[in-house]
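Q: So the sequences go chain by chain: A and B.
Quick note on numbering: our numbering labels position 146 of the first sequence as 153, and the sequence is numbered without any gaps.
Quick note on numbering: our numbering labels position 46 of the second sequence as 81, and the sequence is numbered without any gaps.
These are computed hints drawn from the structure, not numbers from a lab.
Treat each hint with caution, since some may be false.
[To be verified] Straight line, CA to CA, 25 Å or less: simulated SDA-like cross-link-like pairs of lysine to any residue: (1) B/Lys167 to A/Leu52; (2) A/Lys119 to B/Glu71; (3) B/Lys167 to A/Thr66; (4) B/Lys167 to A/Val74; (5) B/Lys131 to A/Thr66; (6) A/Lys119 to B/Lys131.
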Amino acid sequence: MVIASLPSVAQVWDCLDTIADPEIPVITLVDLGIIRDVKWQQDQLVITITPTYSGCPATRVINEDIVSALNHKGVKNLRLERRLSPAWTTDWMSEKGRIALEDYGIAPPEAKGTPARCPQCGGDDLERTSQFGSTPCKALWRCKSCLEPFDYFKCI
Amino acid sequence: MTRDQALFQFLLRLGDSTLILSHRVSEWCGHAPVIEEDIALANTALDLIGQTQFWLELAGEVEGKGRSADDLAYLRDVWDFRNLLLVERPNGDFGKTLMRQFLFDAFQSLMLGKLLKSSDKRVADIAEKASKEVAYHVERSAGTVVGLGDGTPQSHTRMQAALDDLYPYVGEMFVSDAVDAVLIKVGIAPDPASLRADWDALVGRVMQDATLDIPKDAFTHKGGKTGTHTEHLGYILADMQFLQRAYPGAEW
Ligand SMILES: [Zn+2]
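Hey, can you work out the whole structure from these sequences and the hints?
A: Dropping the structure here:
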């Protein structure tokens, strides 16, 4: 009975895609690209996670959220593994996540290293006010058209 | 000295340097000249503490006595720390803090660049993660050194004084000893002395843009990497370790 009710790998991915990033609640852990692998090893579920930034204080909360969401799905035997290499890159962010970020007012990461447009008005006359922002993954920018400051999700 | 004994010492040098610098930088929290700089300094400290976690966790694993990263950070005394003397220097003014940061970042970016090719995958993996963050740090600290050095007469004078004061501490980064010899042989780490030419080139370019003169005197304070520290480290530890000493095992 208990075995039969355990979720499949695909169902686990779906479940992880409902867990919000603790600092940017409009995107999920899957959108963020930090879930690197999900597999069953016999009756143990192994989830491999990579940190965004070394000192990101959200890491512990993320781990707790994963454990609690999967416990809720009936998974009690769970192991979280940390993988540092290959290092997390914003290239792993999902398209869905990028759109959600912009809707939320955070310019999504761009390969050229600077935001494409102001998430408020769409203007492209922009300037950086600081290389760092309110969380390790963001920088502070300002739009010279609408004069609003905004967060840019740094490209790494 | 066995390979693991040398690796343990080397990991402490890396992890203690990022730990103590992180603590120093965090002293600015709430005190920086403008909010953007306050946030930037806090973020830098956060990256450094994260890297410390990785280096000291691996150090504990290599040592094999069951010590965690926290045990190593909070339960050792001054003479067991292996950080560079440079990072325990008091902050001074904002410019001096950024000068120290740049001198360290320049070294760290080169060291991590070499460690990417370490024969020990655990070391290479941490270096891969940390080097992305340090690339940001060095860009910012170099930019600030240039901005303040080539700024007003007052900021220029202060930055020159900062460089003059800190320069006698840079030589220690490039001192190689028996620990390095063991690790060079097995391809785990580079000879620190081999990083000097690239460091001189990078720092030379930035100081030229900053209109600052690099001191000619080559005198070097050393000893941090082998446990002989200045009086400043004791005060840092008294502050940093107080909670775990007074309330052993306390958790957040
Ligand atoms: Zn705008």
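Q: Quick one, are A/Lys119 and B/Lys131 close enough, alpha carbons at most 25 Å?
A: Cα-Cα ~32 Å, so violated.
Q: Holds or violated: B/Lys131 with A/Thr66, Cα cutoff 25 Å?
A: Judged against 25 Å, a Cα distance of about 32 Å means the pair is violated.
Q: Has the given pair, B/Lys167 with A/Leu52, been kept, meaning a C-alpha gap of at most 25 Å?
A: Outside the cut-off at roughly 31 Å; violated.
Q: Run the distance test for A/Lys119 versus B/Glu71: straight-line Cα separation, threshold 25 Å.
A: holds (23 Å)
Q: Does the alpha-carbon distance linking B/Lys167 and A/Thr66 stay inside the 25 Å limit?
A: holds (18 Å)
Q: Next pair to validate is B/Lys167 with A/Val74; report whether the Cα-Cα distance is within 25 Å.
A: Roughly 29 Å separates the two Cα atoms, so the pair is violated.
Violated hints, listed in ascending order, are 1, 4, 5, 6; each of the other numbered hints is respected by the structure.
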